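S.K.: Residues per chain are reported as follows:
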Amino acid sequence: MSTIKELYAYRQMIFSLVKKDLRGRYKGSVLGFLWTFINPLFQLIVYTIVFSKILPNNIPRYYLYLFVALIPWIFFSSSITVGAASIVGQKDLVKKIYFPRMVIPISYVTSCFVNMLLCFIVIFAVIIVTGAGINFLAVLTLPVIMIVEYVFALGMALLTSAITVYFRDLEHILGIVSMAWMYLTPVVYSKSIVPPRYLPIFNLNPMTHIIDCYRTVLYDRQIPDLTTLLWAAGLGVLFLLIGAVVFNKLQKHFAEEL
Amino acid sequence: MAENENVIEVKDVTKSFKVYLDKGSQLKERLLFRKRSRYEERKVLRGISFSVKKGEAIGLIGHNGCGKSTTLKLLTRIMYPDSGSIKMQGRVSSLIELGAGFHPDMSGRENIYTNAAIFGLNKKEIDSRIQSIIDFSELKDFIDNPVRTYSSGMYMRLAFSVAINVDADILLIDEILAVGDANFQSKCFNKLREIKSQGTTIVIVSHSLGQIEQICDRSIWIHEGLIKAEGPPKEIDLEYLDYMSRKIQDRNKKSEEADGTEEPAENKDGKRWGSGEARIKRIRSFASDGTEQSVFRVGEDIRLVVDYTVKKPVQDAVIGFGIFDMNGVQCYGTNTRIDKLPELTLTKDGTAEVIMKNVQLLSGEYMIDIAIEQGEGIPVDYYRQAYKIQMLSAYGDAGIARVDHTWNLQR
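For the record, the sequence lines run as chains A and B.
The first sequence begins at 14 in our numbering and counts up by one.
The second sequence begins at 3 in our numbering and counts up by one.
Note that these hints are calculated values from the structure, not bench results.
All values reported here derive from a predicted model rather than from experimental measurement.
Any given hint could be a false lead.
To be verified - Partial list, computed: chain A residues near chain B (C-beta under 7 Å):
hint, residue
1, Ala22
2, Tyr23
3, Gln25
4, Val31
5, Lys33
6, Lys265
7, Ala268
Unchecked claim - With a straight-line cut-off of 20 Å between C-alpha atoms, the simulated SDA-like cross-links for lysine to any residue are:
hint, chain 1, residue 1, chain 2, residue 2
8, A, Lys109, B, Asn8
9, A, Lys108, B, Ser109
10, B, Lys89, A, Lys32
11, A, Lys32, B, Ser109
12, A, Lys104, B, Lys89
13, A, Lys265, B, Glu43
14, B, Lys45, A, Glu269
We treat Cβ as the ideally placed atom computed from N, Cα and C, and that holds for glycine.
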C-alpha cells in the first residue's frame with residue numbers, strides 16, 4: 014500500500030521518463046517517430062505474405078485478423094524484453110539516487126503502451142479504409158482489455174527486470190522465450206486449429222485470452238466473452254502481484270549488484 | 003512536528019558487502035565454475051546507532067573505508083541495512099549524485115523538470131520552484147539551450163540548484179562544494195546555512211573538517227564500522243586529527259624500520275653534497291611535550307633535532323634549515339649566521355636543535371633541507387629534502403601559512 018502511495022508521489026518522474034523514452038528513442042534517425050509505425054507495418058507485411066501466400070489459410074481479411082493481434086503482441090513482448098534490461102540500463106540512476114525502483118519498469122512498460130496506442134490509430138485507419146466496419150459498443154470494452162494487458166505486461170516486466178539484475182543471461186533468454194511464446198499464443202493463427210489436447214496449455218497463457226478479446230472486438234466486431242476477459246484479468250492481477258512481491262524483495266540489493 | 007523530535011533514527015545498523023573473488027553472473031559461469039563464485043563478507047558497518055533532531059546538522063567523519071559513505075547511502079535508501087533499522091521523516095534530498103538523469107539533448111529547463119521529478123516533485127511543485135532554481139543557477143540566458151552545450155561548471159550549477167531547491171526536510175550531502183567557481187561555492191554555502199536555519203536537517207560526509215565545523219552542530223566519527231566518538235565538531239575533529247596523526251606516525255615509523263637504516267641516504271639523486279668534513283647523521287622532530295613525531299597541528303611547537311658527526315674540525319660553521327612545500331616553494335629558511343648567533347666551530351660529534359614556536363604552516367606535507375656550511379656558503383654537508391613533516395588542520399583556511407588576524411565588522 015505504501016508502495017502505491019510512494020509511486021503516486023513519483024508520478025512526475027514516471028511521466029518524464031516516458032516522455033524522455035518516447036522522444037529519445039528515435040532521436041537522430043531520419044524517419045524519427047515514424048519508426049513507431051513502420052516497424053509493426055513491415056512485420057505485418059511479412060507475416061501476411063507468409064501466412065496467406067506461402068502457407069495459405071482460409072481466414073478472410075487475414076491481414077486485419079493478424080494486425081489486431083500483432084500490435085498488442087508487440088506491446089507485450091517488447092515490455093518483457095526491453096523491460097528486462099530496464100533496471101540494468103538505468104544503473105547510474107539506481108546506484109546513485111533514491112526513488113522507488115518500480116518507477117523504471119513502470120515507465121518502460123508505459124512507453125511501450127503509448128506506442129501501442131499510437132499504432133491503434135493505424136489499426137482504426139485500416140479498418141475504416143478497408144471498410145471492415147466497427148461495432149462501437151464492442152470498442153467500448155477495448156480500454157478494459159488494454160488495461161488487463163498492461164497489468165499483465167507490467168507484472169512480467171517487474172519480474173524480468175528484477176531478476177535480470179542478478180542474472181544477466183535472462184535478457185538474452187527472453188529473446189528466445191518471447192519468440193516461442195508468440196507461437197504458443199494464437200497470434201498468427203486461430204485458436205480453433207489448436208489440437209484439443211494442447212488447449213489446457215493455451216488456456217493457462219493469459220495472452221491467449223487477451224489476444225482473443227482484441228480479436229473478438231476488432232475483427233469479429235462482438236463484445237468479448239465475459240469469462241475470457243475475467244480469466245485474463247485474474248491471471249494478469251496474479252502476475253502483477255507476484256511481480257511486485259518478487260521485485261520488492263530483490264530491489265534491496267540492486268545498488269550492490271549493479 | 004515538534005522542535006525536538008528525532009527526524010533520523012538509526013538503530014544498530016550493520017551492513018556487509020560481498021566481495022566476490024571471481025564473480026560470474028552469466029549462466030555458463032555460474033554452472034561451470036560454481037566453486038569460483040566464492041566471496042568474502044566484508045563488514046563495513048558493525049552496528050551504529052545515532053539520531054538527529056529536526057534542524058540539526060551533523061557531519062560524518064572518518065578515514066577512507068570507515069563506513070561513512072555507506073552510512074550515507076543507507077540513509078538515502080540506495081542500499082538497505084542487513085540488520086537494524088533506519089527511520090526518517092519527511093522528504094529526503096541528496097547532493098550525492100548531482101545531475102542524475104540529465105539528458106544532454108534536452109534544454110536546461112526540461113532537465114530541471116526531469117531532475118526534480120527524480121526527487122519526487124510533481125509538476126505543480128516544480129512550476130512553483132522553477133524561477134528560483136533558474137535564478138540560483140545563474141543560467142538565465144542559457145536555460146533553453148540543450149544541456150550538452152553547457153560547460154561542466156554550468157552543468158554542476160544547474161544540478162546543484164535543483165537539488166538544493168527541492169525544499170527537503172532532510173538533506174544528505176557527500177563531499178560538497180566542489181561545485182563551480184569560488185563565488186558560486188560561497189553562494190552554495192550560504193544557501194546551506196539558510197536552509198538549515200529554516201529547519202532542514204542536514205547530514206554531511208566530508209574530508210574537509212573545516213566545512214563541517216562551519217555548518218554542523220555535531221560530528222560523528224565513524225571508525226571501522228563503529229561510532230568512535232560524537233560531539234561538538236571542534237572537539238571531535240581534533241580528537242580525530244590526533245588519532246590520524248598518531249596513525250601516520252606509526253606508519254612512518256614502520257616504514258623506517260623496514261628501511262633498516264636511520265642514517266640518511268648518501269648522495270642519492272643529487273640530494274646531498276658538500277666537502278664531508280662534518281655529516282648530518284640523524285634528524286628527528288618532537289612535539290612540545292617531548293614525544294617524537296613528524297605530524298603536527300597548525301599552531302603547535304616543533305623541535306627539530308639534528309645529530310651530526312665531525313671527521314675534521316670545521317671552522318666558522320653555519321647550520322641552516324629551509325622548509326619547502328610539496329611544490330618546491332620555499333616557505334621559510336634561515337641559518338645561524340642570519341640569526342646572528344656567535345661564531346660556531348665544530349670539533350666533535352654533536353647535536354643542533356631548533357625550536358619553532360607556534361608553527362603556522364597550513365595543512366600539508368613539507369620537506370625540510372638541512373645544511374652545514376663553512377664561511378661564506380661553502381657546503382660541508384648540504385642535505386636537500388632531508389626530512390619530512392606533515393601539518394594537519396581542522397580549519398578551512400587556504401594558502402601556505404596562516405596570517406594572524408582578527409575581524410572588525412562595523413555595520
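S.K.: Compare the structure with the hints numbered earlier in the document and write down the numbers of the violated ones, lowest to highest.
M.R.: Violated hints: 4, 8, 9, 10 and 12; rest satisfied.
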